[in-house]
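Protein chains in written order, with my numbering: chain A, 1 to 728; chain B, 1 to 124.
Worth double-checking, as some hints may not be accurate.
Some but not every residue of chain B turned toward chain A, in silico, with C-beta under 7 Å [unchecked claim]:
| hint | residue |
| --- | --- |
| 1 | R12 |
| 2 | I14 |
| 3 | N16 |
| 4 | L17 |
| 5 | N55 |
| 6 | P78 |
| 7 | I79 |
| 8 | T84 |
| 9 | G98 |
| 10 | G101 |
| 11 | P106 |
| 12 | K117 |
| 13 | R118 |
In the DSS-like style, the derived pairs of lysine-lysine whose C-alpha atoms are separated by at most 27 Å in a straight line are [claimed, not checked]:
| hint | chain 1 | residue 1 | chain 2 | residue 2 |
| --- | --- | --- | --- | --- |
| 14 | A | K676 | A | K378 |
| 15 | B | K76 | A | K170 |
| 16 | A | K419 | A | K565 |
| 17 | A | K195 | B | K76 |
| 18 | A | K170 | B | K91 |
Keep in mind that the hints were calculated from the coordinates and are not lab data. Glycine included, every Cβ here is placed at the ideal spot set by N, Cα and C.
Take a look at the letters that make up each chain.
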Amino acid sequence: MSGSIQDTFFEECEELLEATDEGLTAIEGGDHDPEVVNAIFRAVHSIKGGAGAFGLDDLVAFAHRFETVFDEVRAGRMELDEKLIQLLLRSSDHLSALVEAARDGGEIDEAHHDTLLAALDEYIPEEEEDLTFEPMGLGAPAPVEDLGAGPSAPAEPQEETYRIRFQPLKEMYGTGNEPFFLFQALRDMGELTVKLDENELPGFDAMDMAESYLAWDLTLVTKESRSIVEAVFEFVEGLCELSIDGDGDAEAEANALAALDAMFSAPPADDAAPAGEPSPDPDTGSAAVPFEPPAPAPISEAKPAAAENKASAPKAESGKQEQRGGPKPTLRVELERVDRLINAVGELIINHSMLAQQIANLNVSDTRDVETELEGFKNLARDIQEGVMAIRAQPVKPLFQRMARIVREASAATGKTCKLVNEGENTEVDKTVIERLSDPLTHILRNAVDHGVEKPEDREAAGKPKTGEIRLSASHRSGSVCIEIKDDGAGVNRPRVKQIAIEKGLIPENAELTDSEIDNLLFMPGFSTAKEVSNLSGRGVGMDVVKNAVTGLGGRINISSTPGKGSTFTIILPLTLAVMDGMVVSVADQTMVVPITSIVETMRGSDDMINSLGADGTLLSIRGNFVPICDVAGGLGLYRESDQQAGVYLLVETETGQRCALAVDDIHDQRQVVIKSLDGVCGEIPGVAAATILGDGKIAMILDPESIIAASPTAAAFDTERRMSNAS
Amino acid sequence: MKTKVLAIDDSRTIRNLLAATLEEAGFEYHCAVDGREGVDMYPDVDPDVVITDINMPNLDGFGVIEELRGDGINSKVPILVLTTESAPELKARARGAGATGWITKPFDDASLIFALKRVTGAAA
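Pulled out of the complex, with its shape left as it was, chain B reads as follows:
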């Protein structure tokens, strides 16, 4: 079984980069263009891990984490925040909302996969 990733990012470039990296590494890739779509898609995709951007229209990354954790859709699925910011407050805020970890943009393939392994145990 492939590990299913749901990536939520409003940048097409980043989505393409993620798709390329993840698919090559053997993950099953799904994506949403903003937080709202991501949360809406979540139940259907039923991912093993969520990667979300922070700055997005309609619903931002914090909103995504809060909705996914908050109403108990699945409080256990790991949520990785993908962000250009590395400020500690931001990490603290994301974690406070229930984020599992974070990946700093720009990411390199290996660290992305490493992070995914640590939260999903994926063999990929």
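Bound-form chain A, shown alone:
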């Protein structure tokens, strides 16, 4: 039970941290709305509250400091200047780190932790007592010592007799405290005798219903400690005249201080009432032995009024609730359930293909009606699919907000000042995509700070504002998601990049490359421009890893750069990882699928369009341009029985702008296919991205044009030829 609640806590923490970040960013941007400060305070406060319940001491202590500083701001005793805002931002980052450490069991940076604590302490006024926040375990009741209710109680505590005089002030009745229940709680501890002292009751005529006239003398024989007896009256302290005299008072008084602590740790056991207790008889109003309920509390005339209000209140309030607006109601669902639904939708789409195929196989002359219905089926399946995908879709906002932290950390590490501007935060992307984007984005942003943005003095010299700006934006672009990371730094140092590529043997010395080609060298494995290993780079990760991560998501990444103005990385991703539009083709009697996104055009080639290159390379001439032909069958090692040359070409373009014509035997159809990952089934196969199930139940490979081209000798030869000719 506590496990799942703890999960909830961490989930909630994510939201609260997000709210904190959002609020701080707003404040940083000059928002002075007190509600923003309040919201942050509440968020941090809730983190503290939850953390306390799970005994996460570090988190509690830090959140408390953070919250205390915020309380000062909230109360208007402290101004939010730039320095404090920066400290709070760093503290918020650290709070996230602490939550992560608590959840995943990681280590926290002790030195950083202490520095921040000390910095926060400077903002906390002297008299502010550090809260003693004793975490109490969940589900494990505090030791129920002293209660002696069960026969198994080890040391038999001594019975003591307490004489209690209890006289409520009239104020007590306004707080909802009820003497009867207090007596009941005492009765549960031992043998209780209640005697009503009605001596102060005036005559009926002189009675003021709002006054309190009653007092009680109670005698309690119990094994409970005095502190427990006192704890019963905790809530009415100051609202009554109370004296408790016990046999062992001298000893008890010595424990007066300890009593306060004990109050919460040693409550009475449930149902510990002594056996054979007389049942209370409400009819006998006067003093009786051993236990009688007291007379009803004087302010009982409030009842009818309550009933009236009950009728009117909800009507008046319900309107208000609608006005309030607030966040849309949401439903929290386990991811697994959505995944099951997505799988089912995938099956539905496959099932549609199967039906279509079966109908085609029937050889019935007139299938128009069935086909119309089938078309409806297909549209419905698509609607359901989109609906299900929408469930998994989430705004990129939390991801982008985390990135602000990355930029702050990177700026601090490199001594640069950068700010991250987010755009299109509400763009929705599949949850999995968001999760897997985190690493590539982190890397690109670190690079942007480390290599892109110049040092403040250099920026000033270049006539730019000291603070670098990195723009992170997300948008939907014709069925894809476009993520752009744009910095206003120095741009790619092309001569240097080229030099390094030559030094590392990545390109021939005399290669003549276009600017864009040079920029794209950054993505080559083994490439690194860092002159020295700085704090940020030298993590052994290059941009090639970023590229692989993006490609792994079925996306593309591109870079463009203007010297002196900055660089832009553009990541284009599919909206979903589960279904895609593909072109069904046949290659050497095999049916295969080519992702539609990579296809520029399709054509049927004639002999006069084909030119030879080298020994067995062929080029396709299209409108005066030559494009290398990759025979898919050959590339995959398939044997074509008929001697006939593939005559159909799919013109595809790689992300580096390289074009290639994939030669296939025939094109059948363009349709939606369900992507079935091959990971864990047969590992990585060059040229094959994934698999799908066709209408006839057969499995078809989904091709990866990028790797087919990379493996093609013709394309490579053509590329070299082109470079050489450019160079000469």
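Please build the complex by placing chain B on the supplied structure of chain A, with the hints as guidance.
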């Protein structure tokens, strides 16, 4: 008859903790996510006791106590304040508004139930 508890807290974690503890102890549990919702729900739930947080959006805990006590919806139902603060001023302020008692966060199950018993007489 189960004792009905209306818990008002903006933290989902705390609501879940309360739900787990109270339901196991045999209380009937209702909850609201902020003070406004709590006060709005109050007449329908008609609880035997209210547990309210202090720091909440829309309407805070003091506001809850004031509204519940103030307009006589029911001036007698016990209201327990659930808070991380243990400062005497805070208790005084809550009591001044008409709070019955307070429970300090983090609470342990037994002290929570003990407090509820003392204000409702619940057998649970």
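Hint by hint, here is what the structure shows:
1. Residue-level restraint check for R12/B holds (minimum Cβ-Cβ distance to chain A is 5 Å; threshold 7 Å).
2. Hint status for I14/B: holds, given a least beta-carbon distance of 6 Å to chain A, under 7 Å.
3. Given the 7 Å rule on beta carbons, the hint for N16/B holds: about 5 Å separates it from the nearest Cβ of chain A.
4. Here the hint on L17/B is kept, as its CB sits about 6 Å from the closest CB of chain A, short of 7 Å.
5. About 5 Å separates the beta-carbon of N55/B from the nearest beta-carbon of chain A, less than 7 Å, and the hint is met.
6. Taking 7 Å as the C-beta contact cut-off toward chain A, the hint placing P78/B at the interface holds, the least distance being around 4 Å.
7. Taking 7 Å as the C-beta contact cut-off toward chain A, the hint placing I79/B at the interface holds, the least distance being around 6 Å.
8. Residue-level restraint check for T84/B holds (minimum Cβ-Cβ distance to chain A is 5 Å; threshold 7 Å).
9. Taking 7 Å as the C-beta cut-off, the interface hint given for G98/B holds, the closest approach to chain A being about 6 Å.
10. Of the supplied interface hints, the one on G101/B holds, with its beta-carbon coming within about 3 Å of a beta-carbon of chain A, less than 7 Å.
11. With a least beta-carbon distance of about 4 Å to chain A, the hint placing P106/B at the interface is held under the 7 Å criterion.
12. At its closest, the beta carbon of K117/B sits 6 Å from a beta carbon of chain A; the interface hint therefore holds under the 7 Å criterion.
13. Hint status for R118/B relative to chain A: holds, with the closest Cβ pair at about 5 Å, below 7 Å.
14. Restraint check: the Cα-Cα separation between K676/A and K378/A comes to about 20 Å, which is no more than 27 Å; the hinted pair holds.
15. Annotation: proposed proximity of K76/B to K170/A holds, straight-line Cα distance about 13 Å (limit 27 Å).
16. About 16 Å separates the Cα atoms of K419/A and K565/A, which keeps this hinted pair within 27 Å; it holds.
17. Restraint check for K195/A and K76/B: the C-alpha separation of about 24 Å stays at or below 27 Å, so the hint holds.
18. Taking the CA atoms of K170/A and K91/B, the gap is about 18 Å. The hint holds against a cut of 27 Å.
In this structure, none of the earlier numbered hints is contradicted; all agree with it.
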